[in-house]
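Got chain Y; can you put chain D on it based on the hints?
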Amino acid sequence: MKLFFSKNDVTTKSVIAKQGFRKGALPMRFSKELFSFICLRLVILSALALTWQGMAWLIASPDFPSFLAVIKSMHYHLNEGEMVANILITLRRALLSFIIAMLLGGLLGILMGIHAWVNKLTDSLLIILLNIPALVTILLSYIWFGLVEAAAIAAVVINKIPTVVVMLREGARAVDKDLLAVAKVYQLSPSKTFFSVFLPQLYPFIIASARSGLSLIWKIVLVVELLGRSDGVGFALNTLFQFFDIAGILAYTIAFVMIILLIEALFFKPFDKLVARGTRFD
Amino acid sequence: MIELNVAIKNKHYGDGENTVLAKMGFSVKKGEFVAIVGPSGCGKTTLLNMISGLESCSGQHISYCNNPSNNIDKCQLGYIFQQPRLMPWLTVRENIELVLQPEEYHQVDDLLTQVGLANKGEYFPRQLSGGMQRRVSIARAFAINPKLLLLDEPFNSLDAPTATRLRQLLIELCRQKGTTVVFVTHDLQEAIYLADRILFMSDSPSTIIHQSIVDLPKPRRESGVAELAWQAQLMATYPHLLAGRID
Chain Y
479 MKLFFSKNDV TTKSVIAKQG FRKGALPMRF SKELFSFICL RLVILSALAL TWQGMAWLIA
539 SPDFPSFLAV IKSMHYHLNE GEMVANILIT LRRALLSFII AMLLGGLLGI LMGIHAWVNK
599 LTDSLLIILL NIPALVTILL SYIWFGLVEA AAIAAVVINK IPTVVVMLRE GARAVDKDLL
659 AVAKVYQLSP SKTFFSVFLP QLYPFIIASA RSGLSLIWKI VLVVELLGRS DGVGFALNTL
719 FQFFDIAGIL AYTIAFVMII LLIEALFFKP FDKLVARGTR FD
Chain D
474 MIELNVAIKN KHYGDGENTV LAKMGFSVKK GEFVAIVGPS GCGKTTLLNM ISGLESCSGQ
534 HISYCNNPSN NIDKCQLGYI FQQPRLMPWL TVRENIELVL QPEEYHQVDD LLTQVGLANK
594 GEYFPRQLSG GMQRRVSIAR AFAINPKLLL LDEPFNSLDA PTATRLRQLL IELCRQKGTT
654 VVFVTHDLQE AIYLADRILF MSDSPSTIIH QSIVDLPKPR RESGVAELAW QAQLMATYPH
714 LLAGRID
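Protein chains in written order, with the working numbering: chain Y, 479 to 760; chain D, 474 to 720.
Treat the hints loosely; a few may be bogus.
[What the hints assert, rightly or not] PhoX-like, lysine-lysine: derived pairs with alpha carbons at most 25 Å apart: (1) Lys650(D) with Lys502(D); (2) Lys747(Y) with Lys510(Y); (3) Lys503(D) with Lys650(D); (4) Lys662(Y) with Lys650(D); (5) Lys662(Y) with Lys503(D); (6) Lys496(D) with Lys482(D).
[Said to hold, decoys possible] Which residues of chain D face chain Y? A few of them, derived with a C-beta cut under 7 Å, are: (7) Leu527; (8) Tyr552; (9) Trp562; (10) Leu585.
For the record, the hints were derived by calculation from the structure and aren't laboratory data. C-beta: ideal position from N, C-alpha, C; glycine also.
Pulled out of the complex, with its shape left as it was, chain Y reads as follows (with noise of 0.2 Å):
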């Protein structure tokens, strides 16, 4: 049968080849934008860093060390301090924590999100969960299930799981149903339309929340730790406040938080790829 169009296609190849689609371009532009993404975000902490060193001694306080004391305490803590320990440990809480929370989170959003009477059914308790503050949760986790590793966790994946189901219900609300009438007519298999249909349509939703989700659960962490573990990030910090040694605990903050976007660059980026799959081109 003869092609038809073939003078007329508004698309070309130039274009498919500026834009980099083909299947083989794509590691190249990856690595390229990686690079390029590490480059400025090293310049602009770089910016911060000099500022601080110069803000440090134009005030000359103890309790505003420099950034180069910063350091120092940091080399000190690494070498000589249990830092790497530390952290470890509280990343190992944290994504656990993470982990557990959007799949349980994940799960009960897009049933929600699905069927109305889920949603009627678990909306109420819903609301109360995002508005009982962190700390109530972790303190009464630790009363409850006592000082232990488990309670800990807990008290975190309460404290994430809302934020996630409302979410992925609003996600799963904003699934396109013309799509999955295509899946329907086609008789396409459930784990097709699970994970061919339904499922990329959830997942800006499941990203947004994922973002959201890390930074806020580490930050919960290191509570549930100050209040009721013997080690981990939260613990440490608690033990320098006692000393009064700022420059450890801001030496701490800073190693973590560049595990954090150590973790942002080299997991949530890819991420961001899958997500903007045939439909940003840019």
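Chain D only, in chain Y's frame:
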């Protein structure tokens, strides 16, 4: 041999106040191309949705593939919607593979060639023009080798030359595969160009008020002399047919 048999007593939305279809009944023979013409808002899309199983109502009897007891699962059914409804996050190739089993993926290249998109398999839908997207949706529908194909005004918002070429493509594919087609449109000229038989719907609550067999030789021409004469004769006999009245 009957491929599709439709009997709908009453289809309504809400508390029964908004009746869309009432006493709707017709059948389609195997390999037949039936066009359904009716005024805007008369329930043409609802009718196709009911045939495809997307909507239902009590008191409906729809049987497929020459077997009164068949349900829709046993009949390969293709549906080309008003909008192409392609998954934006999948490439053209992946959109077609979506409706196939892995062992059938080798057909995709042939299908893309047939619809004139042989070098567009790795493009995403948003990189294609409206006409190209329609062709992908046509390729997707024919990928499953449908016994019954439903089309809901698929060439509506396209420019005239593009729509003409897509109609030719549709005719060619249906002829090759011997597909039974139910084609919904409000454009009588399009119906005359494509169909073996035209069913006319009344205004809502809709029913079939008239049917005409298009006894013109094929291939037909859009706005050809014989086609226009056929249309003029029909309109002279039933001047209000397109408004959904037969008086």
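>> Lys650(D) and Lys502(D) were given as a pair; does the straight-line alpha-carbon distance stay at or below 25 Å?
In response: 15 Å, holds
> Does Lys650(D) lie within 25 Å of Lys662(Y) when you go C-alpha to C-alpha?
Replying inline: Within the cut-off at roughly 23 Å; holds.
>> Take the shortest C-beta to C-beta distance between Leu585(D) and chain Y; is it under 7 Å?
In response: Because about 10 Å separates Leu585(D) from the closest Cβ in chain Y, which is outside the 7 Å limit, the hint is violated.
> Going by Cβ atoms only, is Leu527(D) closer than 7 Å to chain Y?
Replying inline: Status holds, d = 5 Å.
>> So if I understand the rule, the pair passes when the alpha-carbon distance is 25 Å or less; does Lys503(D) with Lys650(D) pass?
In response: Roughly 12 Å between the alpha carbons, so the hint for Lys503(D) and Lys650(D) holds.
>> Less than 7 Å between beta-carbons is the criterion; does Trp562(D) satisfy it with respect to chain Y?
In response: 4 Å, holds
> Within a Cα-Cα threshold of 25 Å, do Lys747(Y) and Lys510(Y) meet the stated pairing?
Replying inline: 13 Å, holds
>> Tyr552(D) was flagged as interface toward chain Y. Is the shortest Cβ-Cβ separation under 7 Å?
In response: Constraint on Tyr552(D) satisfied, holds at 5 Å.
> Regarding the pair Lys662(Y) and Lys503(D), is the alpha-carbon distance no greater than 25 Å?
Replying inline: Since the Cα atoms of Lys662(Y) and Lys503(D) sit roughly 24 Å apart, the hinted pair holds (cutoff 25 Å).
> Hey, Lys496(D) versus Lys482(D), does the alpha-carbon distance stay inside 25 Å?
Replying inline: 5 Å, holds
Hint 10 from the earlier list is the only one contradicted by this structure; the remaining hints agree with it.
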